Amino acid sequence: MTAMVFILLIVGGSALLSWPLGRYMKWAMDPDETAGPGRQKLDRIFASIAGTLGTEQQGWKRYMVALLIFNIVMFTVSFAFMALQQHLPLNPDEMKAVEGSLIFNTVASFTSNTNLQHYSGEASMSYLTQLCSLMWLQFVSAATGVAALAAMARGLAGRKMMGNFFVDVQRATFLVLLPISFVVATLFLFGGMPMTLQGSAHAATLEGLQQIIARGPVAAFVAIKQLGTNGGGFFGPNCTQPFENPTFWTNAVCMVAIILIPMASVWMFGRIIGRVRHAGVVFAVMLVFLLAKISGAVWFEQAPTQAFASLPIEQATGNLEGKELRFGAATVPLWAVLTTSTSNGSVGAMHDSLNPMTGLMPMIGMWLNATFGGVGVGMINMFIYIILAVFIAGMMVGRTPEYLNRRVEAREIKFAAVTLLAHAFFILVPTAVFAVTPWGAATLNNVGPHGFSEMLYEFSSAAANNGSGFEGLGDNTVPWNIATGIVMLLARFIPIILPLAIAGSLAAKKPTAQSAGTLGVEDVTFAAMLIATILVVGALTFFPAAALGPIVEHLKFMV
Amino acid sequence: MNSLLVSLRVALATMLVCVGGYTAVILGVGVLTPDSAQGSLITRPDGTIIGSRLIAQKFDKPHYFWPRPSAPDYNASGAAGSNKSPTSADLTDRAKQTVERYGATQDKPLPADLAAASGGGLDPHITAHAALYQADRVAPARGVAREAIVALIERHTFSPGGPLTPDRLVNVLELNLALDRDFDPTSSSK
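Quick note, the sequences are listed as chains A and B, same order.
Just so it is clear: in the first sequence, position 222 is 286 by this note's numbering, and no numbers are missing.
Just so it is clear: in the second sequence, position 170 is 189 by this note's numbering, and no numbers are missing.
There may be inaccurate statements among the hints.
Covered by chain B, according to a simulated footprint, are these stretches of chain A (three or more residues, beta-carbon under 8 Å) [claimed, not checked]:
#1 113-122
#2 134-140
#3 228-234
#4 369-376
#5 409-420
Hints listed in this document are in silico derivations from the structure and should not be mistaken for laboratory results.
Note that the coordinates shown come from a computational prediction; the quantities given were computed from them, not determined experimentally.
Cβ coordinates follow ideal geometry from the N, Cα and C atoms, glycine included.
Using the sequences plus the hints, can you model the full thing?
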């Protein structure tokens with residue numbers, strides 16, 4: 065009962081907060097004449113930082129080139145800090161050189177807003193690397209996503225010029241992510257999180273053992289980690305490490321921070337295209353999927369740890385393996401769904417140790433990747449489903465499909481189909497390859513179907529730019545590092561480039577007149593159509609893989 | 020070429036503000052929470068560190084309360100979970116050892132949190148129920164009445180989420196420090 069109240073408070077509270085934040089994000093990302101002189105002054109500063117290109121108006125291609133070049137710079141700068149960390153300052157615990165394929169994987173991971181971690185922060189990264197390489201990318205990779213959504217929305221509003229990427233990325237960083245990070249990091253500090261540049265503390269325990277206690281600038285890092293759907297932990301086991309999430313209350317703040325900006329992104333999108341009611345329908349569809357997954361996870365996680373059934377161990381408390389007591393048992397399935405519905409990927413419990421069907425819910429979240437999704441990019445992914453839903457509906461009634469008064473034609477549908485197929489391809493094909501080779505088989509921590517789930521989860525996480533994992537997998541090997549690194553980069557940029565291309569293509573068309581036969585995108589019929597499209601196209605693609613992993617494990621052991 | 024230069028300028032600006040400025044400000048705010056900002060450390064009168072109240076440490080001796088199992092053996096610079104599936108036979112084997120260690124029987128089954136390892140392996144808490152379970156061992160090992168230990172547990176029991184959670188927990192390290200303070204460990208039968 066208290067669990068239900070708590071879940072409603074977190075989800076409902078976040079949804080309420082997202083409304084004013086969406087309005088604010090519109091003001092920050094796409095100011096109009098009413099924004100005021102102070103706001104215009106900020107844009108002049110951003111333009112001057114962007115120098116010669118600060119006032120350029122970019123069509124979708126120029127915008128995309130700017131985005132890609134900036135991301136290459138992000139990758140390179142971050143790579144340099146990490147590769148040179150043993151020679152650089154702010155390394156009190158004397159971290160050594162990081163292995164090459166691990167640097168590639170980690171930098172690809174943080175550039176692509178994934179934060180899949182094949183390393184353990186407290187064992188391999190200096191404070192300088194954590195801050196200048198990783199935390200910096202947590203800001204600017206998230207800002208890249210918000211900028212891309214703003215640009216796409218402008219295109220759908222009919223503007224051929226989609227804005228200026230260099231200004232947009234600063235707007236997202238300085239006006240959206242940074243102020244909220246200050247607030248959340250401060251809450252974390254008062255919640256008991258460490259924030260220090262001193263090296264590990266050396267303790268002599270009550271029983272006389274030595275214990276080296278890793279710490280660091282945790283509060284600042286965790287705030288942007290959660291807000292930017294990054295998810296990369298300061299410590300190896302992420303938010304299960306007590307320093308990274310000390311209390312019930314920091315845990316609650318974390319969960320709101322995970323879902324807040326992805327929710328607000330939908331409202332920002334609606335305001336830029338000038339169709340807030342449409343955004344409301346999309347928001348409701350996303351919420352339906354979110355609540356369905358939460359219900360599923362809560363239900364399946366009530367079953368006690370199956371492995372203890374034959375032993376004299378109390379079975380009334382549900383499955384506690386991999387969970388922290390201070391968060392309360394009910395929060396774990398909620399967190400697992402929130403972090404994978406968005407592309408966050410930070411964990412509040414070990415997903416590898418969730419009951420089999422509970423573990424399926426995060427995978428569904430990553431397969432859809434659009435039921436709020438990553439900051440900015442979640443709404444972009446949903447746009448692809450919308451285009452497809454509009455197309456299918458158009459076919460059903462025999463009319464040329466339209467979206468926001470623009471005709472959706474072969475070119476747009478091809479791009480949308482490629483985007484969706486790429487996502488499935490990047491998950492299923494590499495999983496199959498690793499499953500039949502020692503690359504995968506030799507790295508498993510669990511046998512049988514659960515071992516398959518570990519590999520399936522890993523590529524789902526990489527392709528969804530999520531970053532969580534069934535962490536038992538011994539994934540710090542050259543094949544895993546290279547394969548997931550490539551998947552993360554392709555799966556980041558293809559679903560940004562193609563939707564922007566669709567928006568550019570739509571913006572170039574003549575607007576059609578609204579008529580009685582036009583498919584409305586602001587009513588229940590459209591919501592139902594969108595839900596059906598997501599279910600059929602998104603979920604069924606992955607059903608056979610799910611059957612081989614979590615479903616068979618459930619049927620074999622749990623019933 | 021132009022885009023590259025502009026990208027570098029924007030990279031520099033964001034790096035200065037988000038890494039330099041932001042980190043400095045949050046470090047500054049941390050001055051208001053000096054204790055937890057340094058890791059909630061507990062020290063002895065001579066200044067040496069006993070541990071952190073947020074981080075579990077290893078307890079093996081019968082006159083102390085024991086924390087939950089830890090996959091990395093309470094290594095606070097290498098936290099990790101077991102990452103075993105709840106259907107795993109490995110987990111059954113590990114739990115068998117834990118059951119033996121506590122001497123649990125079907126009449127007196129082990130509280131589940133004492134059998135299950137936490138996510139990071141450093142969970143500083145056990146349930147109050149699990150502490151009471153261990154009182155039967157700690158009280159004779161300390162040579163004191165069980166009621167005295169139970170009273171101590173009750174004083175240290177807290178609710179992590181107030182009205183939002185039914186859970187009642189104790190912090191193992193703080194409880195053991197209180198044990199040493201209230202019941203001289205040197206007089207106990209070790």
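Structure-based check of all given hints:
Counting residues of the segment 113-122 of chain A whose C-beta sits closer than 8 Å to any C-beta of chain B gives 6, which meets the bar of three, so the coverage hint holds. With 4 residues carrying a beta carbon less than 8 Å from a beta carbon of chain B, the segment 134-140 of chain A meets the three-residue requirement, and the given coverage holds. As drawn, the segment 228-234 of chain A meets chain B at 3 residues by the rule of a beta-carbon pair under 8 Å; at three or more, the given contact holds. Beta-carbon proximity to chain B at under 8 Å applies to 7 residues in the segment 369-376 of chain A; the threshold of 3 is reached and the given coverage holds.
Counting residues of the segment 409-420 of chain A whose beta carbon lies closer than 8 Å to any beta carbon of chain B gives 9, which meets the minimum of three for the stated coverage.
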